[in-house]
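Listed below are the residues making up each chain.
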Amino acid sequence: MADNVSKTMNPQLDRRGFLKGCTMAAAALGLSEAMIPRLVEAAANAERPRVIWLHFQECTGCTESLLRASHPDLARLLLDIISLDYHETVMAAAGHQAEQNLHDTVNNHPFLLVVEGAIPTKENGIYCMIAGKTAMEILAEVAPKASAIIAIGSCATFGGVQAAAPNPTGAVGVQDLVSGKPIVNIPGCPPNPISFLGTILHYLTFNRLPVLDSLNRPLFAYGRRIHDHCERRAHFDEGRFVEQFGDEFHKLGYCLYKVGCKGPETFSNCPAVRFNDVEVWPVSVGHGCIGCTEPNFWDTMTPFYERLPMAKIPGGGIIDSADNVGKTVLGVTAAAVGIHAAVGIGKRLIKGKKEE
Amino acid sequence: MATYERYHCWSILLRLFHWMFALSIVFLVVTGFYISNPWTNTLLEGSASFPMATMRYIHFIAAYVFSAALAIRLFLYIFGNAQERILDILPVTRRNLNNLKMTFLQYTYLSGDHDERLGHNILAGLAYLLTFVAAVVMMLSGFFMLYPEISFWEGWGVLLFGSQQSARYLHHLLMWWFMIFAVIHIYLCIWNDCTEPEGLISSIFTGAKFKHKA
Numbered sequence: 000m001a002d003n004v005s006k007t008m009n010p011q012l013d014r015r016g017f018l019k020g021c022t023m024a025a026a027a028l029g030l031s032e033a034m035i036p037r038l039v040e041a042a043a044n045a046e047r048p049r050v051i052w053l054h055f056q057e058c059t060g061c062t063e064s065l066l067r068a069s070h071p072d073l074a075r076l077l078l079d080i081i082s083l084d085y086h087e088t089v090m091a092a093a094g095h096q097a098e099q100n101l102h103d104t105v106n107n108h109p110f111l112l113v114v115e116g117a118i119p120t121k122e123n124g125i126y127c128m129i130a131g132k133t134a135m136e137i138l139a140e141v142a143p144k145a146s147a148i149i150a151i152g153s154c155a156t157f158g159g160v161q162a163a164a165p166n167p168t169g170a171v172g173v174q175d176l177v178s179g180k181p182i183v184n185i186p187g188c189p190p191n192p193i194s195f196l197g198t199i200l201h202y203l204t205f206n207r208l209p210v211l212d213s214l215n216r217p218l219f220a221y222g223r224r225i226h227d228h229c230e231r232r233a234h235f236d237e238g239r240f241v242e243q244f245g246d247e248f249h250k251l252g253y254c255l256y257k258v259g260c261k262g263p264e265t266f267s268n269c270p271a272v273r274f275n276d277v278e279v280w281p282v283s284v285g286h287g288c289i290g291c292t293e294p295n296f297w298d299t300m301t302p303f304y305e306r307l308p309m310a311k312i313p314g315g316g317i318i319d320s321a322d323n324v325g326k327t328v329l330g331v332t333a334a335a336v337g338i339h340a341a342v343g344i345g346k347r348l349i350k351g352k353k354e355e
Numbered sequence: 000m001a002t003y004e005r006y007h008c009w010s011i012l013l014r015l016f017h018w019m020f021a022l023s024i025v026f027l028v029v030t031g032f033y034i035s036n037p038w039t040n041t042l043l044e045g046s047a048s049f050p051m052a053t054m055r056y057i058h059f060i061a062a063y064v065f066s067a068a069l070a071i072r073l074f075l076y077i078f079g080n081a082q083e084r085i086l087d088i089l090p091v092t093r094r095n096l097n098n099l100k101m102t103f104l105q106y107t108y109l110s111g112d113h114d115e116r117l118g119h120n121i122l123a124g125l126a127y128l129l130t131f132v133a134a135v136v137m138m139l140s141g142f143f144m145l146y147p148e149i150s151f152w153e154g155w156g157v158l159l160f161g162s163q164q165s166a167r168y169l170h171h172l173l174m175w176w177f178m179i180f181a182v183i184h185i186y187l188c189i190w191n192d193c194t195e196p197e198g199l200i201s202s203i204f205t206g207a208k209f210k211h212k213a
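Chains A and B are the protein sequences, given in the same order. Letter 115 of the first sequence, counting from 1, is numbered 114 in numbering that gives the first Met the number 0, and no numbers are missing. Letter 197 of the second sequence, counting from 1, is numbered 196 in numbering that gives the first Met the number 0, and no numbers are missing.
Simulated from the structure, these hints should not be mistaken for lab results. For glycine and all other residues, C-beta sits at the position ideal for the given N, C-alpha and C. It is possible that some hints are incorrect.
Straight-line Cα separation of at most 25 Å, SDA-like style, residue types lysine to any residue; simulated pairs [what the hints assert, rightly or not]:
{"#": "1", "chain 1": "A", "residue 1": "K350", "chain 2": "B", "residue 2": "P37"}
{"#": "2", "chain 1": "B", "residue 1": "K100", "chain 2": "A", "residue 2": "G337"}
{"#": "3", "chain 1": "A", "residue 1": "K346", "chain 2": "B", "residue 2": "W176"}
{"#": "4", "chain 1": "A", "residue 1": "K346", "chain 2": "B", "residue 2": "I200"}
{"#": "5", "chain 1": "A", "residue 1": "K144", "chain 2": "A", "residue 2": "R47"}
{"#": "6", "chain 1": "A", "residue 1": "K121", "chain 2": "A", "residue 2": "P48"}
{"#": "7", "chain 1": "A", "residue 1": "K144", "chain 2": "A", "residue 2": "K19"}
{"#": "8", "chain 1": "A", "residue 1": "K326", "chain 2": "B", "residue 2": "K100"}
{"#": "9", "chain 1": "A", "residue 1": "K350", "chain 2": "B", "residue 2": "C188"}
{"#": "10", "chain 1": "A", "residue 1": "K311", "chain 2": "B", "residue 2": "W176"}
{"#": "11", "chain 1": "B", "residue 1": "K212", "chain 2": "B", "residue 2": "Y6"}
{"#": "12", "chain 1": "A", "residue 1": "K180", "chain 2": "A", "residue 2": "E87"}
{"#": "13", "chain 1": "A", "residue 1": "K19", "chain 2": "A", "residue 2": "D276"}
{"#": "14", "chain 1": "A", "residue 1": "K346", "chain 2": "B", "residue 2": "Y186"}
{"#": "15", "chain 1": "A", "residue 1": "K144", "chain 2": "A", "residue 2": "V171"}
{"#": "16", "chain 1": "A", "residue 1": "K311", "chain 2": "B", "residue 2": "D114"}
{"#": "17", "chain 1": "B", "residue 1": "K210", "chain 2": "B", "residue 2": "Q105"}
{"#": "18", "chain 1": "A", "residue 1": "K346", "chain 2": "B", "residue 2": "Y6"}
{"#": "19", "chain 1": "A", "residue 1": "K180", "chain 2": "A", "residue 2": "G169"}
{"#": "20", "chain 1": "A", "residue 1": "K350", "chain 2": "B", "residue 2": "H211"}
{"#": "21", "chain 1": "A", "residue 1": "K346", "chain 2": "B", "residue 2": "I189"}
{"#": "22", "chain 1": "B", "residue 1": "K100", "chain 2": "B", "residue 2": "I185"}
{"#": "23", "chain 1": "B", "residue 1": "K212", "chain 2": "B", "residue 2": "R5"}
{"#": "24", "chain 1": "A", "residue 1": "K311", "chain 2": "B", "residue 2": "V136"}
{"#": "25", "chain 1": "A", "residue 1": "K346", "chain 2": "B", "residue 2": "L199"}
{"#": "26", "chain 1": "B", "residue 1": "K100", "chain 2": "B", "residue 2": "I189"}
{"#": "27", "chain 1": "A", "residue 1": "K350", "chain 2": "B", "residue 2": "W176"}
{"#": "28", "chain 1": "B", "residue 1": "K100", "chain 2": "A", "residue 2": "A341"}
{"#": "29", "chain 1": "A", "residue 1": "K250", "chain 2": "B", "residue 2": "P37"}
Here are some chain B residues pointing at chain A (derived, C-beta under 10 Å) [said to hold, decoys possible]:
{"#": "30", "residue": "A133"}
{"#": "31", "residue": "G154"}
{"#": "32", "residue": "L172"}
{"#": "33", "residue": "C193"}
Given only the sequences and the hints, what does the whole structure look like? Please build it.
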């Protein structure tokens, strides 16, 4: 019987897993297979780049999805090609020793900075403190010395759920606080580990960061609209929709547009790369996209099961669907037109027709 | 017995703009409602029926007509005849300010006097200018949604609207303005045609208005 347990737990990365991981990253980057040897060469380089991974306001879901991918080779590959000097979840050191590692790397070596989680800014950032320092202070200390910054997850990129209205802690993403440093945003809740691995391998192989869109997201992962690569797209064009969850059309696998799928306004490689090596992503298992790679998606993509966000009536504190607001205003307008006409006719009846 | 004189008011280009704009809006609103909330469901698979694709196709053709109409109106705001230029409807001169006041009084039945002028009254002109601006926002948000992967539209779209979803929301909400505008516009045209015998409604077909002989 194969020893599956020790095989899964074995921290050593075998050659097969190593090459497989590099090939997956090359495919995600859209590189030709001729480039795979270069990626392998870069990943096998003895000089591993130092990486500091800072956790702020977050749930550690991005780290979880990276480390607990059903295919453990990805995490192993990552830990093999980078020297993770500081990462609160996986580092062996603790307390003063951990702080020592952090300061040693920051002050003495070039390093890549990865940030996971939003940074609270209200009241001088007291809502997130590590080792007696606020997240703002830690970022201001570490970021200027980093050679590049990767913001992983929706919190570090755009503020995430902490920054959702009314944003009680004043949470912001890394790009709102740091300037003058190359920043790569890898949003998602969580993002696909392949997008992160691809960015790191691109940096190691070509010594520069991948091409970014205007939200600083790598184009190889966030350049295409989910809707245009969705396996249910044919149902959309042919007008076959799920009317509500669990109905006959849902069982038939029709388009989830009418139950609030945000695929048409979301950019990510989910339909192509999928998750956890078991070929699934939300839409493939019958749930619409919630748009987690887009800025402020907790505000703009909610309600998740409606097409459009609710309209806020200024002053009233009432929220309603845009169509109900529109219908009300249109109705009021029609009524006003009717009253105006009635007043005109009434006035003419009383005063008589104007003399020409 | 009043005598009237026929004046040329609207160029062919302006009348072309008007009808391109009006008809494209009708198609855009109807197909837009379908795209937002498709009310049909194709029950037979493989039936060669493409309602969503067809509606989107009509929406995009109408959108290009709409955009072309906007280009015409922009040209006329700058190079059109005296009634069509933007300065004619801005409340910047004493005469225009007076017209705005008199139009308001007339529309609220507070005064029976009509400030006679050949082009738009200032209230109407401002409403049209507002609609023009709203239409430009509709056009920009529309092209951003149509071509999100072209760096030109992606760059401008993100700068102006933030994200696709915000653009979609604004696009949907502003659509209601065009319906509200249509109700007010058609009503006031009929009202004016009943009140002042200048031939307002026929002027958008013929280009001519009738004014009291001086």
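Against the structure, the hints come out as follows:
1. Between the alpha carbons of K350/A and P37/B the distance comes to roughly 51 Å, so the proposed pair goes past 25 Å and is violated.
2. For the hint linking K100/B to G337/A, the alpha-carbon distance of about 23 Å falls within 25 Å, and the restraint holds.
3. With a C-alpha separation of about 30 Å, the suggested pairing of K346/A with W176/B is violated against the 25 Å cut-off.
4. Of the supplied pair hints, the one linking K346/A and I200/B holds, its CA atoms being roughly 23 Å apart against a limit of 25 Å.
5. Proximity of K144/A to R47/A is assessed by CA-CA distance (about 18 Å); at most 25 Å being required, the pair is judged to hold.
6. Between K121/A and P48/A, the direct Cα distance comes to roughly 34 Å. Violation of the 25 Å bound is thereby established for this hinted pair.
7. Between K144/A and K19/A the alpha-carbon distance is near 33 Å, which puts this suggested pair outside the 25 Å criterion.
8. In summary, the hint linking K326/A to K100/B is not supported, as the alpha carbons are separated by about 30 Å, beyond the 25 Å threshold.
9. Among the hinted pairs, K350/A with C188/B is consistent with the structure: their alpha-carbon atoms are about 23 Å apart, no more than 25 Å.
10. Taking the CA atoms of K311/A and W176/B, the gap is about 17 Å. The hint holds against a cut of 25 Å.
11. Of the pairs offered as hints, the one joining K212/B and Y6/B holds, with about 10 Å between alpha carbons and a cut-off of 25 Å not exceeded.
12. For a cut-off of 25 Å, the pair hint linking K180/A to E87/A stands: about 23 Å separates their Cα positions.
13. Among the hinted pairs, K19/A with D276/A is consistent with the structure: their alpha-carbon atoms are about 12 Å apart, no more than 25 Å.
14. Distance check on the hinted pair: K346/A and Y186/B sit about 18 Å apart at the alpha-carbon level, within 25 Å; holds.
15. Our distance criterion of 25 Å between C-alpha atoms is met by K144/A and V171/A, whose separation comes to about 21 Å.
16. Pair hint K311/A plus D114/B does not hold up; C-alpha atoms about 40 Å apart against a cutoff of 25 Å.
17. Between K210/B and Q105/B the CA atoms are separated by roughly 18 Å; this keeps the pair inside 25 Å, and the hint holds.
18. With a C-alpha separation of about 31 Å, the suggested pair K346/A and Y6/B falls outside the 25 Å cut-off, and the hint is violated.
19. Taken as a hint, the K180/A and G169/A pair is honoured in the structure, with Cα atoms around 22 Å apart against an allowance of 25 Å.
20. For the hint linking K350/A to H211/B, the alpha-carbon distance of about 24 Å falls within 25 Å, and the restraint holds.
21. A distance of roughly 17 Å separates the Cα atoms of K346/A and I189/B; the hinted pair therefore holds under the 25 Å criterion.
22. For the proposed pair K100/B and I185/B, the alpha carbon gap of about 22 Å is at most 25 Å, so the pair holds.
23. Between K212/B and R5/B the CA atoms are separated by roughly 9 Å; this keeps the pair inside 25 Å, and the hint holds.
24. In summary, the hint linking K311/A to V136/B is supported, as the alpha carbons are separated by about 20 Å, within the 25 Å threshold.
25. Restraint check for K346/A and L199/B: the C-alpha separation of about 22 Å stays at or below 25 Å, so the hint holds.
26. Distance restraint check for K100/B and I189/B: the Cα-Cα separation of roughly 21 Å lies within the 25 Å cut-off, and the hinted pair is therefore satisfied.
27. Distance hint between K350/A and W176/B is unfulfilled; the C-alpha atoms sit about 35 Å from each other, more than 25 Å.
28. This hinted pair checks out: K100/B and A341/A have alpha carbons roughly 23 Å apart, not beyond 25 Å.
29. Distance restraint check for K250/A and P37/B: the Cα-Cα separation of roughly 19 Å lies within the 25 Å cut-off, and the hinted pair is therefore satisfied.
30. With its C-beta approaching chain A no nearer than about 14 Å, A133/B sits outside the 10 Å limit, and its interface hint is violated.
31. About 5 Å separates the beta-carbon of G154/B from the nearest beta-carbon of chain A, less than 10 Å, and the hint is met.
32. The interface hint given for L172/B is met, as the beta carbon of that residue sits about 5 Å from the closest beta carbon of chain A, less than 10 Å.
33. The interface hint given for C193/B holds, since its Cβ lies 8 Å from the closest Cβ of chain A, which is under the 10 Å cut-off.
The earlier numbered hints that this structure contradicts are 1, 3, 6, 7, 8, 16, 18, 27, 30.
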